[in-house]
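Okay, so the sequence shown: first residue is 9 according to our numbering, each after it adds one.
Incorrect hints may have been included.
[Unchecked claim] Quick list of the computed label-pair ranges, beta carbon to beta carbon:
hint, residue 1, residue 2, range
1, Gly141, Thr70, 35 to 45 Å
2, Pro152, Glu112, 39 to 49 Å
3, Gly69, Glu30, 45 to 55 Å
4, Val256, Ala32, 24 to 34 Å
If you are wondering where the hints come from, they were derived from the structure by calculation, not from laboratory data.
We put the CB at the ideal spot given by N, CA and C, even for glycine.
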Amino acid sequence: MFFTVTCNPALDWMMRLTSFKEGATNRSVFDELSYGGKGVNVSTMLHRLGLETRASGFIAGTTGSALAEGVEAAGVPCDFVRLPAGQTRINVKMKRGEIQDALEETEINGRGPEVGGAAVAQLRERVAALGEGDWLVLSGSLAPGCEAGLYTELARVAAERGARCVVDTTGAALMAALEARPFLIKPNNHELAELAGCDARDEAAVIGAARELAARGARYVLVSCGGDGALLVDADGLVARGSAPSGVLVNSVGAGDSMVAGFLAGLAGAVLPGCEACCPGEGDLSYALRLGLAAGSATAFSSSLATAEQVADLLSATSVEQATERSAVHL
9 MFFTVTCNPA LDWMMRLTSF KEGATNRSVF DELSYGGKGV NVSTMLHRLG
59 LETRASGFIA GTTGSALAEG VEAAGVPCDF VRLPAGQTRI NVKMKRGEIQ
109 DALEETEING RGPEVGGAAV AQLRERVAAL GEGDWLVLSG SLAPGCEAGL
159 YTELARVAAE RGARCVVDTT GAALMAALEA RPFLIKPNNH ELAELAGCDA
209 RDEAAVIGAA RELAARGARY VLVSCGGDGA LLVDADGLVA RGSAPSGVLV
259 NSVGAGDSMV AGFLAGLAGA VLPGCEACCP GEGDLSYALR LGLAAGSATA
309 FSSSLATAEQ VADLLSATSV EQATERSAVH L
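Assemble the whole structure, with the sequences as input and the hints as a guide.
Pasting the structure below:
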């Protein structure tokens with residue numbers, strides 16, 4: 009079972025405009041409400057790919073109730089910790105341009121409610137219920153009131169129960185989480201370049217930065233590189249390089265989360281509709297990378313999180329170049 013934690017989930021209100029003028033009244037030509045946060049996105053995609061998952065984290069107020077109801081209605085079981093005050097945040101995503109063109113995206117993300125010690129203790133209890141073979145996915149920024157070491161603490165609790173941990177965050181929270189030796193982290197090439205002080209287009213430098221993070225504790229580092237695909241790195245260096253399918257970027261929100269979900273689904277040996285012959289079984293890193301690329305790209309080419317059918321349509325357009333003999337991992 010994949011248990012995802014989103015400390016600061018949100019209602020994402022997407023509006024598409026053909027033009028925008030600052031200081032004036034602007035009207036959208038299309039609106040869409042989605043129930044988001046990185047971990048929620050991971051759970052949603054895992055569910056669509058046929059895997060058992062449960063979404064958790066912190067919610068508050070009427071917006072929090074709406075989020076939990078929306079996620080449950082999409083078929084994803086929830087086990088959120090309810091905060092005593094505040095409102096789950098609303099993020100505004102504004103897209104400008106004609107739909108046939110690459111859309112310019114602007115985001116205004118809310119702050120989110122304050123999380124206290126009692127709520128953290130409740131979340132810790134939920135994580136402590138995981139067992140051997142389960143996965144804990146810690147995604148997104150920490151909410152106000154959360155200490156930088158929260159992900160580290162939760163990852164250690166999961167490890168004590170025999171569960172594996174995935175961390176997708178940035179900054180101090182990511183560096184602290186490495187102490188708990190997570191199975192996987194997923195920075196992008198720009199985040200790694202910032203850490204290393206190098207050019208994000210310098211693949212060798214990016215691989216070196218990823219290798220350093222692996223040496224500090226992560227078993228694998230999945231590096232998303234946008235249209236250039238993805239890299240899978242461990243402490244010894246590059247494991248595999250994956251090429252993404254080509255297409256028109258429609259929506260970047262959730263693409264990285266979809267990649268995480270696809271990669272984990274691939275490791276679990278998920279079989280997509282019409283792709284029964286493609287799955288080599290559990291633990292294959294090459295298949296996991298291909299499925300991660302297909303899922304991330306399918307969401308990027310869609311107006312919202314992709315369906316399993318959309319992911320399956322792109323799977324054959326992905327390719328992976330193995331850099332070492334480390335083609336599989338025992339789970």
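The hints, checked one at a time:
no.: 1; hint: Gly141 to Thr70: 35 to 45 Å; result: holds (37 Å)
no.: 2; hint: Pro152 to Glu112: 39 to 49 Å; result: violated (29 Å)
no.: 3; hint: Gly69 to Glu30: 45 to 55 Å; result: violated (30 Å)
no.: 4; hint: Val256 to Ala32: 24 to 34 Å; result: holds (29 Å)
When the structure is compared with the earlier hints, violations turn up for hints 2, 3 and for no others.
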